[in-house]
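With these hints in hand, go ahead and build the complete structure from the sequences.
Residue numbers (my numbering), protein chains in the order written: chain A, 1 to 111; chain B, 1 to 884.
Check each hint, because a few of them may be wrong.
[Unchecked claim] Restraint-style ranges between C-beta atoms, simulated for each label pair:
no.	chain 1	residue 1	chain 2	residue 2	range
1	B	Tyr54	A	Arg74	52 to 62 Å
2	B	Tyr54	A	Glu8	20 to 30 Å
3	B	Ile65	A	Tyr83	25 to 35 Å
[Said to hold, decoys possible] Short derived list, chain B residues pointing at chain A, Cβ under 7 Å:
no.	residue
4	Gln29
5	Trp53
6	Lys634
[Stated by the list, open to error] Every beta carbon over 10 Å from chain B, so not counted as near; a handful from chain A, in silico:
no.	residue
7	Leu20
8	Arg74
9	Lys75
10	Tyr83
11	Arg95
12	Gln101
These are computed hints drawn from the structure, not numbers from a lab.
Here a beta-carbon is modelled for each residue, glycine too, at the ideal position from N, C-alpha and C.
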Amino acid sequence: MIETRLGEFEEVILLLVGILGAEAYAFNIAEEFESQAGRPVSIGAVHSTLTRLEEKGFLTSQMGESTAERGGRRKRIYTITAYGRKTLSAARDFRIALWKQFPGFATGKLT
Amino acid sequence: MENKQHTPPRLARRFLLAFLRHDLAEEVQGDLDEKFLTMLRKATPARAKLQYWYQVLHYVRPFAIRKSTTSTNHYAMFRNYFKIGWRNLAKQKMYSFVKIGGFALGIAACLLIALFIRDELSYDLHYADGNRIYRVVEVFTEKGETDRGVWMEAPFAAAVKADFPEIEKAGRYNSGELFGAGSNQIRRDDQMDNTYEEGFVFADQELLEILKVPMVYGNLAHCLDQPNTMVITKSKADKYFPGENPVGQLMVVNDYTKQPYKIGGVIADFPANSHFNFQFIITMKEREFWNGEQNYWGATNYPTYLLLRPGTDVKQLEEKLLKVTEKYLLPLWIEQGRSDAKQLAKNIQYELQPIANVHLRNAGIGDPVPTHGDIRFVWLFGVIAAFILVIACINFINLSTAKSANRAKEVGLRKTVGSFRSNIINQFLIESLLFSFLSFALGLLLAWLFLPYFNVLASKSLSFPWGEWWLAPVMLVSCVLIGLLAGLYPSFYLSSFKPIQVLKGNLSRGSKNAATRSVLVVFQFTTSIILIISTFVIYRQVRYILTKDVGFDKEQVLLLQGTNTLGDKLQTLKDELLQLADVKSISASDYLPINGTKRNGNMFWLEGRNKIDKSVGGQFWQVDHDYVKTMGLKLAAGRDFSRDMASDSSAVIINQKMAKELGLTDPIGKRMMNYEVFNIIGVVEDFNFDSFRSDISPLVLKLGISPNIISVKLNAKDVTTTLASIETVWKRVVPHQPIRYSFLDESFSRMYDDVQRMGHIFTTFAVLAIIVACLGLFALSAFMIEQRGKEISIRLVLGASLENIFRLLTVNFVKLVLISIVIAAPVAWYMMDKWLQDFTYKTELSWDVFVLGGVMAVVIALITISYQAIRAGLANPAASLRSE
Chain A
1 MIETRLGEFE
11 EVILLLVGIL
21 GAEAYAFNIA
31 EEFESQAGRP
41 VSIGAVHSTL
51 TRLEEKGFLT
61 SQMGESTAER
71 GGRRKRIYTI
81 TAYGRKTLSA
91 ARDFRIALWK
101 QFPGFATGKL
111 T
Chain B
1 MENKQHTPPR
11 LARRFLLAFL
21 RHDLAEEVQG
31 DLDEKFLTML
41 RKATPARAKL
51 QYWYQVLHYV
61 RPFAIRKSTT
71 STNHYAMFRN
81 YFKIGWRNLA
91 KQKMYSFVKI
101 GGFALGIAAC
111 LLIALFIRDE
121 LSYDLHYADG
131 NRIYRVVEVF
141 TEKGETDRGV
151 WMEAPFAAAV
161 KADFPEIEKA
171 GRYNSGELFG
181 AGSNQIRRDD
191 QMDNTYEEGF
201 VFADQELLEI
211 LKVPMVYGNL
221 AHCLDQPNTM
231 VITKSKADKY
241 FPGENPVGQL
251 MVVNDYTKQP
261 YKIGGVIADF
271 PANSHFNFQF
281 IITMKEREFW
291 NGEQNYWGAT
301 NYPTYLLLRP
311 GTDVKQLEEK
321 LLKVTEKYLL
331 PLWIEQGRSD
341 AKQLAKNIQY
351 ELQPIANVHL
361 RNAGIGDPVP
371 THGDIRFVWL
381 FGVIAAFILV
391 IACINFINLS
401 TAKSANRAKE
411 VGLRKTVGSF
421 RSNIINQFLI
431 ESLLFSFLSF
441 ALGLLLAWLF
451 LPYFNVLASK
461 SLSFPWGEWW
471 LAPVMLVSCV
481 LIGLLAGLYP
491 SFYLSSFKPI
501 QVLKGNLSRG
511 SKNAATRSVL
521 VVFQFTTSII
531 LIISTFVIYR
541 QVRYILTKDV
551 GFDKEQVLLL
561 QGTNTLGDKL
571 QTLKDELLQL
581 ADVKSISASD
591 YLPINGTKRN
601 GNMFWLEGRN
611 KIDKSVGGQF
621 WQVDHDYVKT
631 MGLKLAAGRD
641 FSRDMASDSS
651 AVIINQKMAK
661 ELGLTDPIGK
671 RMMNYEVFNI
681 IGVVEDFNFD
691 SFRSDISPLV
701 LKLGISPNII
711 SVKLNAKDVT
721 TTLASIETVW
731 KRVVPHQPIR
741 YSFLDESFSR
751 MYDDVQRMGH
761 IFTTFAVLAI
771 IVACLGLFAL
781 SAFMIEQRGK
791 EISIRLVLGA
801 SLENIFRLLT
811 VNFVKLVLIS
821 IVIAAPVAWY
831 MMDKWLQDFT
841 YKTELSWDVF
851 VLGGVMAVVI
861 ALITISYQAI
871 RAGLANPAAS
881 LRSE
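Written out as structure tokens, the structure reads:
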């Protein structure tokens, strides 16, 4: 199922939504990505991914409150769904399983 | 804060909003603004702005871009527009009918005329070497008057081909009925029954080669190169030799079994858009109509066609052709002893007419083809078609605007519940397209239905071009174009309304275009009145022709045709017919005072004068003893031929014109000559034996045999029974040949078919133009009355009578129609005066025609407006005023 597949960038954005909690809106996520990953990303790219994740059912969103910095405009706050969480942890488990099979790293270095 | 004055670049924001989905607008703008503010804290304003642009451009992504109009929501709206449009159409049935019907009528008329024009322009364009084929026209100028004709001398074609290397081929035909062309009785030599056929002609093998006529059977290079051969068309071959190849078969013409014609080939029928309509082409090979005829330069009977070599300079060749006169004609004239020979030679010139011009540019050229078109009529038709279409288009637009004002409330409401201006524009354009589409569909249907009648009217055999590539695209493009054009004004006008004002009822409906509309009405009515007056004049001329005393009695004369094959049975037939109670007299003569009967040209002198003296040209008719009686000619002096006077074999009866030209005041007993000398025993009053377009020419009647047509003067109350008994006699005497007859008066009126046809065409267009014009007036009056609804109501409340209101509303329109009459009258007078100049005998243009035409226009206009005016006058004023 295509919907359950999670791209690398999607995974990061999904994680960032979870990390940012009530402050997870497009601009903030983009800023957070930039500071943590150390490379810039456009808000449009983030927004596009968020929309896609929402379509896949990993996220829900609703309009939040407005602030002065935004010229009084409201922001759209994204929240991770239970299905999103499950997919994230499945993705993590899958990767760890792969890491464990990798001979160079498999000998307890990671544990 | 210190950065308060810096704002994101406005252009970038406008760009963003231009493509961004509406539901994303708020959050995205918010995000970008927040980003901008963050940037301002970290970097320079310029960089922040640049960054803003970067962010905006990165929003050009599929998910964020507004979807185009194909969403289901829009589809639903379009369906709604159609539904509303259709309901509007159905609600105002009469208005819709008038609007669609009027436009459809205009489209249909225009389409039919377009077909007609296309057909006229397509004549003689289909020959393989068409651009090198020319017809020779002889131009004879004397005393400033120019005559053009296409009859050339028999040796002309061969002579010019030999003398001028530019001429590759030269071919002639001879369609003279005196020589046996025209109509004849024909049969296969193995059968007995004759059939009457038309389209006989004598022609050269080379003429067929010039035209490169397509062959069905036989070889084009040899089909006419043997003596006594004949080429027939495919349809005649199918008729006489169904399913077989007739080449080599024999056919007998007019029972002349001594010399049957061998079929040398079968050609495809000449198309309807060719000026040739030959069916039976008899070879000229080794044929002479009299001794030495083929080398005689003194008679002109042959229309001649030339195929020029590629690259020939036509103008130069025309000048070189002048040598023909010097070389061949001058010696003949000198030999004949003509004193003016040199001068005469200078008067003759030759023109080469491209074959494609023969059909339409034939004005002033005498030729044997009776059915030529006229480029002037093609133009006239085109102009009329354009007028009708323009009038119809503007009507359509006018009706749309006039009625659209009623929709203001709907527009207000639509806007209030959330329509954008573009939605309103779309709605009105779609409605307009719907109307235009229906009109075009109906117009096509009308054109198709009327095509048979139009064919009769224009004497054509046009077919509807359903299968042709241009029809669908042209119709569709014009349909959309006119639909948009008609819809643009109302849609932009109406969509500009401010909802609040409309719903409050504050809409001001100014009549900005009153002047334009008035000009339009004047234009429409001027056209209509010109057509009406022209129709009256044409019909008056037709009536004049048909009722004028022509000098002979054309009533109750039956013409029995094809009697030349009867031989000695002719006398039997005459005798038996005379036994019938209702038959007054019988005469056998091919020379009758109607078109299509025999004519000739002869020179006459008074006895004793020398042949160098000026001669009188005139007709020389062979008639029998009963001719004068049967035709009802009136003797002005002298007596009729008598069977008791043996000397009458050298006696003649002349007409008054001949007496005058010969300079005889008392002709009886005088003697005149052409090759023999004749006693003049009688003078008949002049009678019109040719068209009214020409003067009566000099005429000499002589006893002689000429038995193609028998004229039977009847005195019958019951023509049907008499006809039946005549048929019985015919069948008994001539069992192998079907009887073929006509009536003299019918044949006479057929001479003026073209005039009558023009009358019908003008009537049709006049009726059409006035209908379309009235539709326009109808729309306009509806519009005006609607605008003045409140004013009329107030007048009614204050005591105005219906009559007052009626006068108030109609007086302006009547003024416009009067202006149209003033413009139309001189134009119509000029046109009709020119037209009547074609006739030597004509009715006068009198003022009553103009008055009649004008009154008719005013009355029709008044009737049209009355409906609206009376309705407005009778309306309950309260209904209109309540909304105040």
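Do the hints match the structure? See the list:
1. B:Tyr54 x A:Arg74: 52 to 62 Å: 24 Å, violated
2. B:Tyr54 x A:Glu8: 20 to 30 Å: Taking Cβ atoms as reference, Tyr54 (chain B) and Glu8 (chain A) lie about 23 Å apart, which means the hint holds.
3. B:Ile65 x A:Tyr83: 25 to 35 Å: 28 Å, holds
4. Gln29: 6 Å, holds
5. Trp53: Nearest chain A Cβ about 11 Å off; hint violated.
6. Lys634: 107 Å, violated
7. Leu20: 14 Å, holds
8. Arg74: 6 Å, violated
9. Lys75: 6 Å, violated
10. Tyr83: 21 Å, holds
11. Arg95: 28 Å, holds
12. Gln101: Given a closest Cβ separation of 37 Å, the condition holds.
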